[in-house]
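These protein sequence lines are chains V and Y, in that order. Taken in order, the first sequence gives residues 1 to 93; the numbers are from my numbering. Taken in order, the second sequence gives residues 1001 to 1467; the numbers are from my numbering.
The hints are simulated quantities; they were obtained by calculation from the structure and are not laboratory data. If a hint is listed, it holds; no wrong ones were tucked in.
Straight-line C-alpha distance at most 27 Å; calculated DSS-like pairs for lysine-lysine:
#1 V/Lys89 <-> Y/Lys1080
#2 Y/Lys1080 <-> V/Lys88
#3 Y/Lys1077 <-> V/Lys89
#4 V/Lys88 <-> Y/Lys1310
#5 V/Lys88 <-> Y/Lys1023
#6 Y/Lys1077 <-> Y/Lys1023
#7 Y/Lys1343 <-> V/Lys89
#8 Y/Lys1310 <-> V/Lys89
#9 V/Lys87 <-> Y/Lys1080
#10 Y/Lys1465 <-> V/Lys87
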Amino acid sequence: MLPYTTFFILSMFIGREVLSKVPQTLHTPLMSGSNAISGITIIGALVSAGMVGGVWAKWIGVIALIAATINVVGGFMVTDRMLEMFKKKPQDV
Amino acid sequence: MFSSGFTAGAYLIAAILFIRGLKKLQSPVTARRGNRLAAIGMLLAIVATLLDQQILTPAEMIGGLVVGGFLGAVMAKRVKMTGMPELVAAFNGFGGLASALVAGAEIARMVEQQIGFGDPRDNTGAYLSILVGMITFSGSFIAFLKLSGKMTGNPIQFTGRYIVLATCTAAAVGSIVWIFLGGDMVSLIMILGGLSLILGILLVLPIGGADMPVIVAFLNALSGLAAAATGFVLSNTVLIISGALVGASGIMLTRVMCVAMNRRLWHVLVGGFGGDSDDSSDGAKQLEDGRTITSTTPDDTAILLSYARKVIIVPGYGLAVAQAQHQVRELADLLQEHGVEVKYAIHPVAGRMPGHMNVLLAEANVPYDLLFEMDDINHEFESTDVALVVGANDVVNPAARHDQTSPIYGMPILDVDQAKTVIFLKRSMRPGYSGVQNLLFFEPNTRMLFGDAKDSVTDLVTEVKAV
Chain V
1 MLPYTTFFIL
11 SMFIGREVLS
21 KVPQTLHTPL
31 MSGSNAISGI
41 TIIGALVSAG
51 MVGGVWAKWI
61 GVIALIAATI
71 NVVGGFMVTD
81 RMLEMFKKKP
91 QDV
Chain Y
1001 MFSSGFTAGA
1011 YLIAAILFIR
1021 GLKKLQSPVT
1031 ARRGNRLAAI
1041 GMLLAIVATL
1051 LDQQILTPAE
1061 MIGGLVVGGF
1071 LGAVMAKRVK
1081 MTGMPELVAA
1091 FNGFGGLASA
1101 LVAGAEIARM
1111 VEQQIGFGDP
1121 RDNTGAYLSI
1131 LVGMITFSGS
1141 FIAFLKLSGK
1151 MTGNPIQFTG
1161 RYIVLATCTA
1171 AAVGSIVWIF
1181 LGGDMVSLIM
1191 ILGGLSLILG
1201 ILLVLPIGGA
1211 DMPVIVAFLN
1221 ALSGLAAAAT
1231 GFVLSNTVLI
1241 ISGALVGASG
1251 IMLTRVMCVA
1261 MNRRLWHVLV
1271 GGFGGDSDDS
1281 SDGAKQLEDG
1291 RTITSTTPDD
1301 TAILLSYARK
1311 VIIVPGYGLA
1321 VAQAQHQVRE
1331 LADLLQEHGV
1341 EVKYAIHPVA
1351 GRMPGHMNVL
1361 LAEANVPYDL
1371 LFEMDDINHE
1381 FESTDVALVV
1391 GANDVVNPAA
1401 RHDQTSPIYG
1411 MPILDVDQAK
1421 TVIFLKRSMR
1431 PGYSGVQNLL
1441 FFEPNTRMLF
1451 GDAKDSVTDL
1461 VTEVKAV
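Bound conformation, chain V alone (with noise of 0.2 Å):
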């Protein structure tokens, strides 16, 4: 539990140290795409979804699966969509 709970703080302090420069104008891509590896939980729904023996436990997986892949799919492509709209001012101007 020590060591998890040691990768847990010290991974905030990475977030926190790489996301307060991300400028406002970014701020809906960062949720869309930081949402979607929030996503990262559809490995745990793979497993139990690929589960053998347990019913329920694979049916709720499936139901996770699902859940977790609409999740990431989604959430990094409209973050995709979003961000090839952010454009510099052209040159000539």
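Once you've looked at the hints, dock chain Y against the given chain V.
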């Protein structure tokens, strides 16, 4: 469960890619690459997991991936930029649900394979994951309904809400304690899940439209923390690291939003502040001391704008409602052709989520280097000929500076009153979400241009062309 060195290595690389990707979000130039880097990290983690497991029942795994991937892709492709706040809320909710369910599946596995739970305290991560994940899910769902207009954006409050809230919280904590004391795991977990759903609903129902940026950021933080809690359940470091990163991001955004409103998170969660401005009632056009407002017309405004040296546009939620971003860009282009310097001033809480205005204006091809944050542009209003306020009100209300009785007192604002002329594009005299009268309307250098923001700006474009 996640033992092999190969998988551990793949997870480590995935975590590094997430951090590198998030770091690239510090600049709009590299942001897109950063997002793709994070997506590659995710793909790597998924492929490694698939290879690591002896795939005994691939149908369910592939089926889940295909169905979820299809639904997510359709939503991401179909959404209009104006619908972005509710989509972000919805994705948040799915993330929270997934984390809670994975924890639930792990409990179910222990029951079904008769592994036994050992010390009930060893599964604390699972209880927390279910609690936080389910709150995120139902809370985001209500936020989605409110943001998409399927439910009123006004605060929904009922008598006894605090009692219900306190009872549910106590019962949720109580059920975890009961598990510790050796109560029946399965039924108590179900009760905990149900109570968490109710808590999420109770949490978001009383939140008014204006506080939405705070609550959307807060739910974002919760979805990350739920993933991290699930990481504790599965003893999986990549989940813990990623969840903590997302949690940190959400907490940071929540703080930025609270500071920009001069409100504490606690006060936001208590709720009841600020509904949607539906313009159903109208405010006074004359003050008690006899001061009145000055209305103006599109052609007068067009002349003023065309002969200005410098114009700053201040967009607010009204711009999003009217979807006037393309017309605003057209107007700005025209003015630039006339030799006018045009900039945009964005208040951090303008709109319904962090960065809402920036996304809308980016959609309309407004270059991001014309958008300025509050602290970077406030000193420029002094040297500005016209401040054009499109659908914003409280974020420019000088009462926030000096009126200690005002509910928005202390909120940092855009200093549009320093400009030579201020033009408000508004539908009516109705006050902003705070319900506070904006005395700036009655200043001699203020002009009111009434009407729907989109129609008004379209008229302005026509008139400027005619100048």
